[in-house]
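Protein chains: 2
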Amino acid sequence: MPTARERILDATTTLLADKDALAISTRDICAEAQVGMPEIYRQFGDKQGLLTAVADLGFQKFLASKRANPTTDDPVADLKTAWDSHTTFALANPHLYRLMFTPAGSSKPHGISEARELLHAALGRCLNAGRLRLPMETAGHAILSANVGVCLMALSFPDPYADPSVSATLRDTVIGKATGEEEDPRLGTATLLAQQLLGTLTGQGE
Amino acid sequence: MPTARERILDATTTLLADKDALAISTRDICAEAQVGMPEIYRQFGDKQGLLTAVADLGFQKFLASKRANPTTDDPVADLKTAWDSHTTFALANPHLYRLMFTPAGSSKPHGISEARELLHAALGRCLNAGRLRLPMETAGHAILSANVGVCLMALSFPDPYADPSVSATLRDTVIGKATGEEEDPRLGTATLLAQQLLGTLTGQGE
DNA sequence: ACCCGACGTTATCGATGCTAACACGGTATG
DNA sequence: CATACCGTGTTAGCATCGATAACGTCGGGT
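Just so you know, the protein sequences line up as chains Y and V, in that order.
The UniProt record's numbering numbers the first residue of the first sequence as 1 and each following residue consecutively.
The UniProt record's numbering numbers the first residue of the second sequence as 1 and each following residue consecutively.
Check the hints yourself; a few may be wrong.
It does not matter which identical chain is used: a pair holds within one copy or between any two.
In silico DSSO-like cross-links for lysine-lysine, where the CA-CA straight-line distance does not exceed 30 Å [stated by the list, open to error]: (1) K108 / K19; (2) K19 / K47; (3) K108 / K47.
Just so you know, the hints here were simulated from the structure itself, not pulled from any lab data.
Please model the complete structure; the sequences and the hints are all you need to start from.
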């Protein structure tokens with residue numbers, strides 16, 4: 001028998017597959033986890049703390065599914081693969097996804113920054129391959145924001161925003177803008193140099 | 001004295017300026033509107049109905065602020081103006097915006113389709129000007145999804161996603177892709193990089 | 001043996017969404 | 001003028017919810 005904490009997290013995740021986070025009562029969770037009510041509050045402080053913990057657990061699953069994607073020799077293609085895996089995850093786990101990316105109150109899941117770092121690592125590979133023509137920060141924020149936007153719109157208004165072509169179009173547009181192939185090599189070189197200089201000054205080389 | 005329905009809607013909108021929709025109790029609303037509890041349910045069925053009505057009212061305000069933007073002879077510039085007014089509205093009315101674009105349960109506000117039509121009208125003007133190189137449906141959905149994504153990320157994770165340059169970059173990218181006719185992208189990139197370098201060197205490192 | 005921490009049980013509190021039952025005041029219809 | 005009606009206000013109450021208190025149990029480690 002797993003520990004009480006694990007059972008609670010497990011039960012909440014299970015219930016989250018059907019209902020929305022707000023439609024789940026602590027008593028339902030306790031019944032599903034075979035735990036007494038106070039156990040939730042001993043472990044997580046309050047319901048919000050539990051939900052945040054579940055959201056972070058969701059991020060681990062989310063990031064694991066991204067890390068499972070092999071790193072090819074085409075970093076731009078890897079970016080697109082990551083985008084698609086993001087969208088797939090959102091549509092497969094709607095309530096969990098909304099819990100992760102539209103948190104209520106002031107308790108933000110910690111996993112969002114890990115997602116950001118993972119994306120930046122992928123962008124770093126593009127940079128090293130000379131295929132990044134936007135600042136990494138800007139590119140990362142833009143890509144993630146657009147991706148989340150597509151997913152949330154598809155979840156909130158499936159008609160007509162769940163159309164896969166919307167995700168694909170936006171994916172190619174945003175990633176294309178960030179990584180588009182360059183025409184004048186000198187401009188690309190200058191951009192690369194500037195970015196490396198910025199990275200050095202910011203303290204994070206690599 | 002306005003009618004009871006108006007007072008309720010007004011009170012809810014007022015409270016929505018401070019708290020989140022879920023943090024507002026029906027009793028708070030009744031106290032603010034000087035109405036008895038049953039009045040809410042006579043008028044809106046249940047709390048969700050009231051919130052949906054408030055969301056639709058928000059859409060009217062939202063669309064009015066968009067229609068207030070004059071139609072110039074540059075339809076692409078109009079698109080960008082609309083994007084900025086969208087972002088401004090979201091940041092100015094965070095709780096109302098989240099109520100509008102991430103509705104809970106199965107009650108979707110009706111205003112979303114009006115927003116879609118308004119956007120399509122603007123895209124139609126681009127088409128007539130020969131400045132649309134994407135299907136209108138696709139372009140409209142992509143633009144709105146990206147815009148909503150930027151706003152929701154900025155609201156949920158202001159650090160670091162509330163950076164105005166994210167909205168601007170995504171705006172120019174998506175609208176640029178839909179309407180063609182982009183300025184040399186490397187110019188914008190170089191400018192952006194230079195600004196970040198300047199900021200870093202000046203001591204205020206991003 | 002002792003205590004202590006993790007876990008379970010029961011009961012309870014205040015707040016919330018929601019509803020029933022009834023009373024009041026205009027308005028229009030006869 | 002009387003009637004019925006509709007919108008509105010008042011009170012009381014229900015079931016459920018999140019959260020807590022008080023207490024009991026068990027096992028492990030010093």
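(request) If the cutoff is 30 Å on CA atoms, where do K108 and K19 land: within, between, both or neither? Let me know, please. (result) both (21 Å within a copy, 17 Å between copies)
(message) Cα distance capped at 30 Å. Does K108 pair with K47 within a copy, between copies, both, or neither?
(response) both (14 Å within a copy, 26 Å between copies)
(request) Indicate which option fits the pair K19, K47 if close means a Cα-Cα distance not exceeding 30 Å: within, between, both or neither. (result) Answer is both; intra-copy 16 Å and inter-copy 18 Å each pass.
Checked against the numbered hints listed earlier, the structure breaks none of them; every hint is satisfied.
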